[in-house]
Amino acid sequence: MRKVLKGNGAVAEAVRLARAEVISAYPITPQTSIIEEIASMVSRGSLEAQFIKVESEHSALAGCIAAASAGARTFTATSAQGLALMHELIHWAAGGRLPIVLADVNRAMAPGWSIWTDQNDTLSQRDTGWMQVYCQSSQEVVDSVVQAYKVSERVLLPTMVVLDAFFLSHTYEDVEVPEQVMVDRFLPPLELPHRMDMERPAALGNLVFPDRYMEFREKMDLAHGVALGVWEEVGREWGELTGRPYGLVEEYRMDGAELVLVTAATTASTARPVIDALREAGVPAGLLRLRVFRPFPAERIRAILGGRKKVVILDRNCSFGHHGIFHQEIKSALYELPHGEQPVLHGIIAGLGGRDITPDDLHGMLDGAWSGKITAPVTWWDVLPVKDRERAAVTMVEGG
Amino acid sequence: MSTPAVQLKPGDYKTDVKPVWCPGCGDFGVLNALYRALARMQLEPWNTVILSGIGCSSRLPGYVKTYGFNSVHGRALTLAMGVKVARPETHVIAVGGDGDGMAIGGNHFIHACRRNLDVTYILMDNEIYGLTKGQTAPTTPTGDRTKSSFYGNPEPSVDPVELAISTGASLVARGYSGDMKTLTSIMVEAINHRGFAFVNVMSPCVTFRGDHQFKELKAKLRHLPEDHDPTDRTAALAYTRETDVMTTGILYRVDEPSLVDRLNHVNAVAQGEGPQPTTRDILKTFYPSF
Numbered sequence: 000m001r002k003v004l005k006g007n008g009a010v011a012e013a014v015r016l017a018r019a020e021v022i023s024a025y026p027i028t029p030q031t032s033i034i035e036e037i038a039s040m041v042s043r044g045s046l047e048a049q050f051i052k053v054e055s056e057h058s059a060l061a062g063c064i065a066a067a068s069a070g071a072r073t074f075t076a077t078s079a080q081g082l083a084l085m086h087e088l089i090h091w092a093a094g095g096r097l098p099i100v101l102a103d104v105n106r107a108m109a110p111g112w113s114i115w116t117d118q119n120d121t122l123s124q125r126d127t128g129w130m131q132v133y134c135q136s137s138q139e140v141v142d143s144v145v146q147a148y149k150v151s152e153r154v155l156l157p158t159m160v161v162l163d164a165f166f167l168s169h170t171y172e173d174v175e176v177p178e179q180v181m182v183d184r185f186l187p188p189l190e191l192p193h194r195m196d197m198e199r200p201a202a203l204g205n206l207v208f209p210d211r212y213m214e215f216r217e218k219m220d221l222a223h224g225v226a227l228g229v230w231e232e233v234g235r236e237w238g239e240l241t242g243r244p245y246g247l248v249e250e251y252r253m254d255g256a257e258l259v260l261v262t263a264a265t266t267a268s269t270a271r272p273v274i275d276a277l278r279e280a281g282v283p284a285g286l287l288r289l290r291v292f293r294p295f296p297a298e299r300i301r302a303i304l305g306g307r308k309k310v311v312i313l314d315r316n317c318s319f320g321h322h323g324i325f326h327q328e329i330k331s332a333l334y335e336l337p338h339g340e341q342p343v344l345h346g347i348i349a350g351l352g353g354r355d356i357t358p359d360d361l362h363g364m365l366d367g368a369w370s371g372k373i374t375a376p377v378t379w380w381d382v383l384p385v386k387d388r389e390r391a392a393v394t395m396v397e398g399g
Numbered sequence: 000m001s002t003p004a005v006q007l008k009p010g011d012y013k014t015d016v017k018p019v020w021c022p023g024c025g026d027f028g029v030l031n032a033l034y035r036a037l038a039r040m041q042l043e044p045w046n047t048v049i050l051s052g053i054g055c056s057s058r059l060p061g062y063v064k065t066y067g068f069n070s071v072h073g074r075a076l077t078l079a080m081g082v083k084v085a086r087p088e089t090h091v092i093a094v095g096g097d098g099d100g101m102a103i104g105g106n107h108f109i110h111a112c113r114r115n116l117d118v119t120y121i122l123m124d125n126e127i128y129g130l131t132k133g134q135t136a137p138t139t140p141t142g143d144r145t146k147s148s149f150y151g152n153p154e155p156s157v158d159p160v161e162l163a164i165s166t167g168a169s170l171v172a173r174g175y176s177g178d179m180k181t182l183t184s185i186m187v188e189a190i191n192h193r194g195f196a197f198v199n200v201m202s203p204c205v206t207f208r209g210d211h212q213f214k215e216l217k218a219k220l221r222h223l224p225e226d227h228d229p230t231d232r233t234a235a236l237a238y239t240r241e242t243d244v245m246t247t248g249i250l251y252r253v254d255e256p257s258l259v260d261r262l263n264h265v266n267a268v269a270q271g272e273g274p275q276p277t278t279r280d281i282l283k284t285f286y287p288s289f
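Protein chains in written order, with numbering that gives the first Met the number 0: chain A, 0 to 399; chain B, 0 to 289.
Misleading hints may appear alongside valid ones.
Pairwise CB distance ranges, derived in the manner of DEER restraints [claimed, not checked]:
hint, chain 1, residue 1, chain 2, residue 2, range
1, B, K8, A, T374, 54 to 64 Å
2, B, D15, A, L203, 52 to 62 Å
3, B, K13, A, T394, 25 to 35 Å
4, A, K386, B, K17, 53 to 63 Å
If you are wondering where the hints come from, they were derived from the structure by calculation, not from laboratory data. As the structure is a computational prediction, the values presented were derived from the model and not from experiment. Quick reminder that beta carbons are idealized off the backbone N, C-alpha and C, glycines included.
Put together the whole structure using the sequences plus the hints.
Structure below.
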């Protein structure tokens with residue numbers, strides 16, 4: 000059925016289709032309308048589930064952890080500070096091998112307070128063992144949430160489905176909402192092997208001595224390796240059922256591309272016409288959109304980017320002191336390429352705190368890299384000029 | 000502390016920042032009462048800090064010309080403790096809403112009361128989450144319909160005043176944002192109090208609770224009887240969990256050592272015990288006695 004949905008509405012529709020059984024959540028802008036819509040579905044009876052509104056995000060994820068341990072399909076949603084407050088339990092959910100699905104509406108971290116988008120909230124959770132999928136449209140949100148349950152329940156790792164604040168969370172689009180019968184066939188009820196079971200009593204959360212701890216962690220790492228293949232398989236299966244196949248990454252006009260823009264989320268939609276325009280002007284440009292970020296498809300990215308001339312990596316995030324985070328990851332993935340196939344990398348940090356990234360910006364970045372105007376390995380895009388770097392580094396006030 | 004050379008008027012504590020609250024928000028009344036209280040006490044702006052968490056009411060520090068800190072959700076009291084312990088001579092006022100203080104920050108509230116932390120805590124209680132647009136708060140009465148409880152709030156609510164009295168706050172008051180005169184006097188006494196002074200201000204949310212919350216609260220408004228003994232905990236507790244009336248005034252007030260007093264006392268005790276034993280002294284206890 001076709002519906003006009005904003006990104007947040009798309010999340011709620013997908014949670015309904017996935018028949019989540021326990022939703023434990025706490026409001027935070029710009030996520031709130033996800034859980035409001037779900038609360039309304041539960042009240043109306045269109046989703047048969049328990050909806051618990053708890054007293055903080057920490058408790059929200061704790062609720063999901065407990066319900067998932069009892070064998071229920073669970074969901075929660077949050078943003079920025081809320082995700083940061085969950086951090087202790089983010090580790091717990093992954094270490095407990097619980098297939099929880101969480102939607103995070105990417106929002107910049109305080110201070111200064113911001114409700115607008117950037118990716119530092121989710122990317123700060125990179126090393127927790129969660130899988131992460133970055134979406135570019137409401138359609139992809141619906142599809143990815145349902146897929147996330149399937150993959151999570153296969154590999155026993157939780158998934159964060161990520162959408163940009165406002166640009167996606169609050170923008171309405173035409174969306175094909177899959178039929179319930181089809182989703183039910185695609186996603187059978189959860190059978191968590193280590194769920195609480197009166198027939199097989201067990202204790203959860205015990206102390207693990209140094210002689211066993213590492214083995215648990217190695218299993219998580221192995222699961223990420225397996226998950227790469229599962230995401231590909233599930234994306235293909237979804238394509239067969241709906242006509243919308245998904246991969247780990249998405250390539251656009253990459254045939255013969257010598258200048259590649261790598262980015263994620265809604266910026267990729269902005270980038271397509273820019274790539275078209277560059278192609279028309281005779282610049283061999285292409286786009287590589289990162290979708291599944293954890294597990295990280297390093298081999299796939301290496302195969303795609305090897306032998307290209309220049310790669311511009313657009314990060315709506317920063318690992319302060321060492322590049323944007325996508326930049327780091329891609330650089331490390333390309334290290335194994337033979338010397339002659341290594342492209343020149345230009346990291347661009349842009350759009351933090353919700354600053355708009357326009358087609359003109361993207362054109363400027365790509366043209367700058369292609370023409371040689373951009374030479375630095377990392378460029379902060381569209382910021383006030385800094386006269387004295389040493390001084391600016393130790394002053395709190397704007398500019399300098 | 001020196002008295003400022005000029006006499007400060009309520010308006011002198013205003014900043015240039017225009018409040019973004021909805022027209023008719025109860026928090027305007029709280030802000031105006033605070034300006035008046037600060038002026039009545041002639042508090043030096045440079046010796047006063049107002050801290051908040053997150054919520055509509057937590058925007059308040061930006062509107063007052065003192066030091067201000069709009070901190071993270073639920074943590075106003077933890078930051079207030081840091082400021083007070085580091086600079087005990089400073090007037091520390093924490094402000095926020097019932098969501099911030101009773102839900103996500105509820106644990107800190109209990110411990111601030113228990114420690115008798117020397118700060119004034121003004122809670123603007125509208126019985127709803129306003130900033131996130133109208134979901135159930137821990138203070139929302141059972142059965143009320145909100146955006147997160149379409150068919151009525153299934154949970155019992157908390158009365159912050161009852162919680163404060165029972166967990167050790169040494170001054171506990173209830174005010175109403177529509178009764179400026181009483182609220183101003185309560186604030187002055189609370190700021191002057193040594194120890195944890197908690198002021199629960201019923202501050203209606205016209206947007207998500209509607210006009211009727213204002214009218215209902217106004218109709219329920221009562222002042223404490225003159226013969227009320229604020230040192231009597233049982234008498235004070237009689238004014239909690241009220242449904243048909245809303246009694247305002249200083250319900251409870253006792254003189255107890257504050258957190259800073261207790262910390263200073265412990266430091267004095269530690270210093271009185273003389274120097275700590277050295278490693279050599281400790282090792283000597285293991286030497287054989289022959």
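- prompt: So does K13(B) sit 25 to 35 Å from T394(A), Cβ to Cβ?
  reply: holds, 28 Å
task: Note whether the CB distance of D15(B) and L203(A) lies within 52 to 62 Å or breaks it.
output: holds, 55 Å
- prompt: So does K8(B) sit 54 to 64 Å from T374(A), Cβ to Cβ?
  reply: holds, 59 Å
- request: Return holds or violated for the Cβ distance of K386(A) and K17(B) against the range 53 to 63 Å.
  value: 33 Å Cβ-Cβ, so the 53 to 63 Å window is violated.
The structure shown violates just one earlier hint, number 4.
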